Amino acid sequence: MSKPRIKVPKKASAGDIIIIKALVSHNMESGQRKDDDGNTIPREIINKFECFFNDSPVFSCDIDPAVASNPFLEFRAKVEESGVFKFAWTDDNGTIIEAEKSIEVA
Amino acid sequence: MNNERRRLLIGALGSIGLIGTSRVYATAEEVETAIKAIAGDAQIQQGALTLNAPEIAENGNSVPISVSVDSSMTSDSYVESVAIFADANPTPQVITFHFTENSGEAYAATRMRLATTQNVVAIAKMNDGSVFTDTKNVKVTIGGCGG
Chain Z
1 MSKPRIKVPK KASAGDIIII KALVSHNMES GQRKDDDGNT IPREIINKFE
51 CFFNDSPVFS CDIDPAVASN PFLEFRAKVE ESGVFKFAWT DDNGTIIEAE
101 KSIEVA
Chain X
1 MNNERRRLLI GALGSIGLIG TSRVYATAEE VETAIKAIAG DAQIQQGALT
51 LNAPEIAENG NSVPISVSVD SSMTSDSYVE SVAIFADANP TPQVITFHFT
101 ENSGEAYAAT RMRLATTQNV VAIAKMNDGS VFTDTKNVKV TIGGCGG
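Residue numbers (my numbering), protein chains in the order written: chain Z, 1 to 106; chain X, 1 to 147.
Bear in mind the hints are in silico, worked out from the structure with no lab data behind them. Computed from a prediction, not measured in an experiment: that's the story for all the values here. It is possible that some hints are incorrect.
Listed below are the simulated DSSO-like cross-link pairs for lysine-lysine, each with C-alpha atoms no more than 30 Å apart in a straight line [to be verified]: (1) Z:Lys21 - Z:Lys10; (2) Z:Lys3 - Z:Lys48; (3) X:Lys139 - Z:Lys78; (4) Z:Lys48 - X:Lys136; (5) Z:Lys34 - Z:Lys10; (6) X:Lys136 - Z:Lys21; (7) Z:Lys48 - X:Lys139; (8) Z:Lys101 - Z:Lys34; (9) Z:Lys7 - X:Lys36; (10) Z:Lys78 - Z:Lys21; (11) Z:Lys78 - Z:Lys3; (12) Z:Lys34 - X:Lys139; (13) X:Lys139 - Z:Lys21; (14) Z:Lys48 - X:Lys36.
Pairwise CB distance ranges (calculated) [unchecked claim]: (15) X:Ala37 - Z:Arg43: 18 to 24 Å; (16) Z:Gly38 - X:Lys139: 29 to 35 Å; (17) X:Glu80 - Z:Gly94: 25 to 31 Å; (18) Z:Glu104 - X:Lys136: 35 to 41 Å; (19) Z:Asp92 - X:Pro64: 32 to 38 Å; (20) Z:Gly15 - X:Pro64: 26 to 32 Å; (21) Z:Ala99 - X:Thr135: 33 to 39 Å; (22) Z:Lys86 - X:Asp41: 33 to 39 Å; (23) X:Pro64 - Z:Asp55: 28 to 34 Å; (24) Z:Lys7 - X:Tyr25: 32 to 38 Å; (25) Z:Lys7 - X:Glu29: 29 to 35 Å; (26) Z:Gly38 - X:Asp41: 41 to 47 Å.
Ideal placement from N, C-alpha and C gives every residue a C-beta, glycine not left out.
Given the sequences, and given the hints that come with them, work out the whole structure.
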């Protein structure tokens, strides 16, 4: 599984609302498709995404198969202090892909 | 092409046709039921929620959408969640965004799959229980569910 691609500004001022973009490579197999023999290809998607800042929740989402492959998410966060954003993607198979980004807030 | 192979091929094509017509898609009623489950007794209002989606999507495999809600996003008044539904996909649910006061602004964007031309419906739930909705019709040139 490849490393997620995340954009978080390196610096911000206290009280700023910053833009976060996150993308992870994943087939998002919908469970609707059939293989060459006509058998349904079982569903395997990222079903949950969570973002925390200094361990308090910022944004999360429940994802269904109608989200495109290599799921992309953009959202906002209000930062008052320097710290670390933690990101987690949960796969149907139980794997959790994790990543971190720090930000300096003046 | 020998006869055996031709027979198999025709059989295979036939079964694809059958699957095509018997496949169950979501309906506007299902979306309505899902929305009622979120709204409960609250009156569904228009206005505060904006859903952005293209009028025409050339490729249904990846359609950019975004939602934003007018809200101060303070601990007293914030958007709890925004759910997205599509009324002619194999299943109506698309994604549910959950916001917190740390979000600062109730905005989220993603890319979704659309099987065919249909309505995309967003529904926002505020912390005081009020509910807002917005709908966009998206014309799809090539469907995005792979058959």
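Comparing the hints with the structure gives:
| no. | hint | verdict |
| --- | --- | --- |
| 1 | Z:Lys21 - Z:Lys10 | holds, 13 Å |
| 2 | Z:Lys3 - Z:Lys48 | holds, 17 Å |
| 3 | X:Lys139 - Z:Lys78 | violated, 35 Å |
| 4 | Z:Lys48 - X:Lys136 | holds, 25 Å |
| 5 | Z:Lys34 - Z:Lys10 | violated, 44 Å |
| 6 | X:Lys136 - Z:Lys21 | holds, 24 Å |
| 7 | Z:Lys48 - X:Lys139 | holds, 28 Å |
| 8 | Z:Lys101 - Z:Lys34 | violated, 38 Å |
| 9 | Z:Lys7 - X:Lys36 | violated, 36 Å |
| 10 | Z:Lys78 - Z:Lys21 | holds, 14 Å |
| 11 | Z:Lys78 - Z:Lys3 | holds, 25 Å |
| 12 | Z:Lys34 - X:Lys139 | holds, 25 Å |
| 13 | X:Lys139 - Z:Lys21 | holds, 27 Å |
| 14 | Z:Lys48 - X:Lys36 | holds, 23 Å |
| 15 | X:Ala37 - Z:Arg43: 18 to 24 Å | holds, 22 Å |
| 16 | Z:Gly38 - X:Lys139: 29 to 35 Å | holds, 31 Å |
| 17 | X:Glu80 - Z:Gly94: 25 to 31 Å | holds, 27 Å |
| 18 | Z:Glu104 - X:Lys136: 35 to 41 Å | holds, 39 Å |
| 19 | Z:Asp92 - X:Pro64: 32 to 38 Å | violated, 24 Å |
| 20 | Z:Gly15 - X:Pro64: 26 to 32 Å | holds, 29 Å |
| 21 | Z:Ala99 - X:Thr135: 33 to 39 Å | holds, 34 Å |
| 22 | Z:Lys86 - X:Asp41: 33 to 39 Å | holds, 37 Å |
| 23 | X:Pro64 - Z:Asp55: 28 to 34 Å | holds, 31 Å |
| 24 | Z:Lys7 - X:Tyr25: 32 to 38 Å | holds, 36 Å |
| 25 | Z:Lys7 - X:Glu29: 29 to 35 Å | violated, 40 Å |
| 26 | Z:Gly38 - X:Asp41: 41 to 47 Å | holds, 46 Å |
Hint compliance for this structure: hints 3, 5, 8, 9, 19, 25 are broken, all remaining hints hold.
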